[in-house]
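2 protein chains.
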Amino acid sequence: MVKYNREEQIASVRGALALRSEIEKIVDSYCNEDFRNLCYLGIGGTWASCLQAVVHMKERTDRDVFAANAAEYNTTGDRRVGRGTVVVISSVTGTTVEIVAGVRKAQADGAKVIGFVDNADCELAGMVDNCITYKSNEQLKFFMTADRFMFNWGEMDEYEEFYGQMDKYLPEGLVEIEEKADSFGEEYAKAHLNDRLHYFVGAGTMYGATYSYAMCYWEEMHWIRTKSIHSAEFFHGMLEIIDDDTPVTLFVTEDSQRSLSERVARFLPKINHNHTVIDAADYPIEGIDAKFRGNISHLIIHAVTNRIDAHLEAIGGHDMTIRRYYRKFDY
Amino acid sequence: MVKYNREEQIASVRGALALRSEIEKIVDSYCNEDFRNLCYLGIGGTWASCLQAVVHMKERTDRDVFAANAAEYNTTGDRRVGRGTVVVISSVTGTTVEIVAGVRKAQADGAKVIGFVDNADCELAGMVDNCITYKSNEQLKFFMTADRFMFNWGEMDEYEEFYGQMDKYLPEGLVEIEEKADSFGEEYAKAHLNDRLHYFVGAGTMYGATYSYAMCYWEEMHWIRTKSIHSAEFFHGMLEIIDDDTPVTLFVTEDSQRSLSERVARFLPKINHNHTVIDAADYPIEGIDAKFRGNISHLIIHAVTNRIDAHLEAIGGHDMTIRRYYRKFDY
Chain L
1 MVKYNREEQI ASVRGALALR SEIEKIVDSY CNEDFRNLCY LGIGGTWASC
51 LQAVVHMKER TDRDVFAANA AEYNTTGDRR VGRGTVVVIS SVTGTTVEIV
101 AGVRKAQADG AKVIGFVDNA DCELAGMVDN CITYKSNEQL KFFMTADRFM
151 FNWGEMDEYE EFYGQMDKYL PEGLVEIEEK ADSFGEEYAK AHLNDRLHYF
201 VGAGTMYGAT YSYAMCYWEE MHWIRTKSIH SAEFFHGMLE IIDDDTPVTL
251 FVTEDSQRSL SERVARFLPK INHNHTVIDA ADYPIEGIDA KFRGNISHLI
301 IHAVTNRIDA HLEAIGGHDM TIRRYYRKFD Y
Chain H
1 MVKYNREEQI ASVRGALALR SEIEKIVDSY CNEDFRNLCY LGIGGTWASC
51 LQAVVHMKER TDRDVFAANA AEYNTTGDRR VGRGTVVVIS SVTGTTVEIV
101 AGVRKAQADG AKVIGFVDNA DCELAGMVDN CITYKSNEQL KFFMTADRFM
151 FNWGEMDEYE EFYGQMDKYL PEGLVEIEEK ADSFGEEYAK AHLNDRLHYF
201 VGAGTMYGAT YSYAMCYWEE MHWIRTKSIH SAEFFHGMLE IIDDDTPVTL
251 FVTEDSQRSL SERVARFLPK INHNHTVIDA ADYPIEGIDA KFRGNISHLI
301 IHAVTNRIDA HLEAIGGHDM TIRRYYRKFD Y
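The listed protein sequences derive, respectively, from chains L and H.
Under the numbering used here, read the first sequence as residues 1 to 331, first letter to last.
Under the numbering used here, read the second sequence as residues 1 to 331, first letter to last.
Calculated from the structure, these hints are not laboratory results.
Keep in mind that the hints are not guaranteed to be accurate.
You can't tell identical chains apart in this list, so a pair holds if it fits in one copy or across any two.
Unchecked claim - Simulated pairs of lysine-lysine, DSSO-like, Cα-Cα distance not exceeding 30 angstroms:
1. Lys58 x Lys105
2. Lys270 x Lys328
3. Lys105 x Lys291
4. Lys180 x Lys270
5. Lys58 x Lys112
Whenever a hint applies, use it, and build me the whole structure from the sequences.
Structure representation (structure tokens):
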């Protein structure tokens with residue numbers, strides 16, 4: 001399999017899951033009477049991950065939990081962020097200007113910041129109140145943080161059972177999905193490599209990932225044009241420009257918003273013959289209960305799109321690490 | 001001027017502003033100790049207006065104010081909506097299924113609903129707790145509601161002064177902008193009528209409008225493909241697929257997020273020769289103070305895009321009222 005290292009992938013997810021005791025200690029320290037609200041703060045791809053974590057929490061929580069876009073927070077502000085606020089951020093390089101400024105502002109406003117900063121040597125790693133350094137697996141880090149908060153608030157009684165299964169079955173489960181999806185990924189990459197514009201549709205915990213898959217992978221890494229849209233919003237305008245041959249990919253989750261994407265799945269065949277449905281339900285993971293599937297839909301679909309990306313790069317020859325403009329000059 | 005009736009336009013805005021006493025009475029009745037939070041609930045175009053109202057309020061308010069997408073609320077839920085919640089909705093026909101279901105759910109959860117329902121005879125008009133019936137001007141209705149809440153909360157001391165100027169100068173001011181922008185609108189429409197894909201970029205109170213202008217006007221009404229993006233997010237992926245001749249339109253507001261769009265305005269000329277900047281600051285309205293300009297940027301830009309739409313329809317011959325799929329069959 002191209003661009004694939006089974007053992008590395010397993011170790012990566014296993015290592016992320018092993019962060020849990022560290023995450024628990026940090027989250028537990030904030031679950032006291034001073035706690036007021038929880039803010040996931042991001043920009044670009046990390047903003048998308050914030051949206052995912054928040055929609056996951058909304059299914060269960062009574063607490064004040066929200067996502068804030070760092071650039072908007074730095075300009076318009078958000079007065080909910082202050083004393084008693086726990087801010088969660090993620091940064092690979094630690095040098096994203098909006099995040100550095102956002103953390104500074106949040107702390108000045110009285111908030112505490114939990115930072116997943118992959119590069120331990122950057123300024124940001126030293127700035128945040130709690131720093132966890134581990135490569136990749138951003139969604140898993142965000143969701144583990146979310147789940148621990150909800151467990152402490154009495155809103156996720158199944159926490160231990162769920163993470164027991166995750167620890168045991170997720171790492172191998174995801175690589176098995178990559179292996180199962182590899183030939184599909186190759187066919188799909190061949191079919192869509194030269195698309196002039198590709199539409200991605202998704203909802204629930206997958207909406208943020210649909211947005212970032214379209215923008216951070218296809219646009220930024222593959223240089224293929226996309227539009228992403230929420231499955232519910234698809235019916236309020238965008239549907240009109242779908243022709244018979246317009247390339248559309250629909251991601252279907254097993255979470256609370258599954259019905260919104262199923263509606264798109266029923267509609268598309270009536271007007272279009274160039275769409276692909278990637279349904280998390282088609283990729284079981286042995287050992288993880290049906291009742292927990294909604295929590296991991298986005299990880300399952302990510303395993304599938306990983307194979308698309310690998311083949312797009314291999315067949316198209318466009319190196320995913322090359323940027324035209326991003327951080328290439330001052331702007 | 002094509003598709004233009006000066007007196008009708010003036011009367012429409014004047015009539016919307018005249019709703020203020022009715023809005024004030026309703027809002028005032030909710031500003032008591034039972035108030036807990038304020039939720040703008042929408043879908044598609046009205047969802048976009050919700051985003052606009054909320055970013056406007058965030059500049060000033062300490063209160064818990066948020067936008068909820070009706071389809072997401074109906075599926076995932078939002079436990080912040082309940083007793084003490086005031087929900088604000090808008091509907092032209094009153095028959096949008098997500099809104100009808102959302103209002104029913106919000107009321108069942110204990111919330112009160114203020115509805116701007118243009119059609120007084122529909123079921124929705126009878127369902128909401130307070131119904132205001134007046135055609136068009138959705139953003140104005142939403143912002144007037146927002147401002148009255150903030151005035152009552154002591155967060156908008158300039159309320160009377162601002163609306164004094166609005167009542168006196170906005171209706172004529174907006175038609176004068178339409179007249180000033182007409183020849184620009186015609187040139188722009190000629191240049192972009194046959195675009196295969198047009199990018200719209202905006203921030204602040206204009207972000208929601210950028211999203212809905214792209215989707216509800218160009219995609220739904222003109223059948224031209226678009227992608228819309230927040231000015232800050234533009235730099236986190238989408239920039240990579242902008243070629244020298246890619247059509248891009250940037251909306252620049254005079255509100256708290258002006259700097260985010262100015263950054264895009266500085267960047268675009270370095271890589272692209274087919275972009276248009278529509279800056280609210282280029283369209284003064286005599287009688288409305290500089291300090292209030294940020295409150296009306298979206299109305300000013302809407303007056304400009306009105307002229308684009310009129311000419312796109314006139315030159316292209318594609319009737320904006322025709323739909324291919326929307327409400328044409330069950331889905």
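Structure-based check of each hint:
no.: 1; hint: Lys58 x Lys105; verdict: both (26 angstroms within a copy, 16 angstroms between copies)
no.: 2; hint: Lys270 x Lys328; verdict: between (44 angstroms within a copy, 12 angstroms between copies)
no.: 3; hint: Lys105 x Lys291; verdict: between (40 angstroms within a copy, 25 angstroms between copies)
no.: 4; hint: Lys180 x Lys270; verdict: within (29 angstroms within a copy, 44 angstroms between copies)
no.: 5; hint: Lys58 x Lys112; verdict: both (22 angstroms within a copy, 21 angstroms between copies)
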